[in-house]
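Peer 1: Now for the letters of each chain:
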Amino acid sequence: MSHPVPRHPDGALRTERIALVDLLDRVLAGGVVISGEIRLSIADEDLVQISLQALVASVRTGLGELGD
Amino acid sequence: MTEHSAVWGYAVTAHHSPGRLAGLTGVAGQPARLVTGAGLAAAVSTVSLAEFGEQPLRQRLEDLAWLEATARAHHQVIEALPGPVIPLRLATIYRDDSKVAGLLAERQAGFAAALDQLTARAEWGVKLFAAGRTADPAPADQPGAGPGASYLRRRRHQLSALDRARREDAALAQELHAALRAIAAAAQLRPAQAAELTGEDGHAMLLNATYLVDDAAAARFAAAVRELGQRHGTRTELTGPWPPYSFALPGAGA
Chain A
1 MSHPVPRHPD
11 GALRTERIAL
21 VDLLDRVLAG
31 GVVISGEIRL
41 SIADEDLVQI
51 SLQALVASVR
61 TGLGELGD
Chain B
1001 MTEHSAVWGY
1011 AVTAHHSPGR
1021 LAGLTGVAGQ
1031 PARLVTGAGL
1041 AAAVSTVSLA
1051 EFGEQPLRQR
1061 LEDLAWLEAT
1071 ARAHHQVIEA
1081 LPGPVIPLRL
1091 ATIYRDDSKV
1101 AGLLAERQAG
1111 FAAALDQLTA
1121 RAEWGVKLFA
1131 AGRTADPAPA
1141 DQPGAGPGAS
1151 YLRRRRHQLS
1161 ALDRARREDA
1171 ALAQELHAAL
1181 RAIAAAAQLR
1191 PAQAAELTGE
1201 DGHAMLLNAT
1211 YLVDDAAAAR
1221 FAAAVRELGQ
1231 RHGTRTELTG
1241 PWPPYSFALP
1251 GAGA
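Chains A and B, in that order, are what the protein sequence lines are.
Mapped onto the working numbering, the consecutive letters of the first sequence carry residue numbers 1 to 68.
Mapped onto the working numbering, the consecutive letters of the second sequence carry residue numbers 1001 to 1254.
In short, the hints are calculated from the structure, not lab data.
Keep in mind the model is a prediction, meaning the values are calculated, not measured.
Do not rely on the hints blindly, as some may be mistaken.
Unchecked claim - Stretch by stretch, here's where chain A covers chain B in the computed footprint (C-beta under 8 Å, at least three residues):
| hint | region |
| --- | --- |
| 1 | 1064–1073 |
| 2 | 1148–1156 |
| 3 | 1233–1246 |
Said to hold, decoys possible - Far from chain A, by Cβ distances over 10 Å, these chain B residues were calculated:
| hint | residue |
| --- | --- |
| 4 | G1009 |
| 5 | A1038 |
| 6 | Q1117 |
| 7 | G1125 |
| 8 | A1165 |
| 9 | A1171 |
Beta carbons: idealized from backbone N, C-alpha and C, even for Gly.
The shape of chain B in the complex, shown without the other chains:
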């Protein structure tokens, strides 16, 4: 370690022999390696302070191209680690290996308990989108009604149809979340993603949730997502298996 370098952390796992990460590349094209201690291991890379010190890091985090490359490299290392893992948040940086080893020793009990909770489980993301709707036909004009009255009648009809659609959407999201929550060990509701981000103009995102699911229940979970989508003619999207980013902290998610 020099004064010009620091240590980027990817995740904490149970102890492995240091050679397990041979050939694995992480952020800034740096090799990933393990720091071991207290029966645990932290996957890390050495990084330069010129790029990863606080000031340059702040700037780089606003550069989407850099952020994307770094996030994908961070994820790639975490995904390659065998067994249960506790992912660290992006941009968790330590002064040197001895600080990392010290952290493992200091937090050994908490890490071991978390690894136990995450064993043979994975995170799955679920999104639900509103069905495209054709507008209800406008009500027929009353004979003898003036144009103003006709307009108001059509407008009331429109608004009540919209209100009804929104209530149906909410019920659908509720139904899916309840079914999946019953299969999963834990769940977290995320904010719906803006249409600009997903390219789903015209199909509102009704549910954006992430679940911690036993491996043995993964097929049943996926089937439940598909089944509801098919039954209601709505589009669902399942992503995973993810490392348990959303459930890394004990008690994260309900």
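With the rest of the complex left out, here is chain A:
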């Protein structure tokens, strides 16, 4: 898919890869919550916690594998 033309030519520091932690913070804790028919019923706080714990664990593992 071709990358859409940025709507904001003044946009300063676009990074090629958005940092996952910044993205997860927004898509998990932001956005409108509208109950759907199958809206995930665990509390939204749980959603964020589960994901952030997984992220931290993954980063720690990654750092360990890099060695010194």
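Put chain B on the given structure of chain A with help from the hints.
Peer 2: Just chain B now, with coordinates in the frame of chain A:
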């Protein structure tokens, strides 16, 4: 729609012709498409219940690789939508298109008002990190003072230097946030991210905030971030423009 599928929602926008999303791929590699109603449109994908029903979804959300791929695909669709958008939270799933159309009709006024507030605006994330500090030189020992007294004196000096540094850090974060808040239409303070997540060991995150900024003020906003960082010798990080995840709800952010 079958009994084995459901509808994943990305965002609500003003009405567009359905063809606008041609070629755009979303979660689970599914094409994104529009459901229209009440002068609005919802960007959606059809997904399987085998993967996106409540039970499998719970499990997959704990799988970081799946979560990352899904979050990026969700974001990619939202970013590609032209004009103001109201992003839906990740994992907002509906039974079928008619439920989605019904939602647009039911919430038309609120959505239209939110889209109006988000027009020609974008979200920008700002982080501020503490400067690396060299330790203040230890105080000279008093002649004739015993080792215990010398130790206590050095320790008091250390603690007061730390206290002073913390107060300076707080003042810096306050200064940056106040300057940016004055330029932005809305702001939200987020918790500082742990050093493990950012790889910024040794440089505490003093501010993690997100702002809704008029497009016309974006350059001035970026300049304000840079200027404070340069003036105080501290590192700042600006991300954006983001779709307005943090400001999608009316009144979200102060």
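Peer 1: Hint by hint, say whether it matches the structure.
Peer 2: Here's how the hints hold up against the structure:
1. 1064–1073: holds (count 5)
2. 1148–1156: Coverage by chain A is violated for the region 1148–1156 of chain B (0 residues, Cβ < 8 Å).
3. 1233–1246: holds (count 8)
4. G1009: violated (7 Å)
5. A1038: For A1038/B, whose nearest Cβ neighbour in chain A is about 14 Å away, the distance exceeds 10 Å, so it holds.
6. Q1117: Holds, because the least Cβ-Cβ distance between Q1117/B and chain A comes to about 13 Å, which exceeds 10 Å.
7. G1125: violated (6 Å)
8. A1165: holds (25 Å)
9. A1171: The claim stands: A1171/B keeps its Cβ more than 10 Å from every Cβ of chain A (closest is about 25 Å).
The earlier numbered hints that this structure contradicts are 2, 4, 7.
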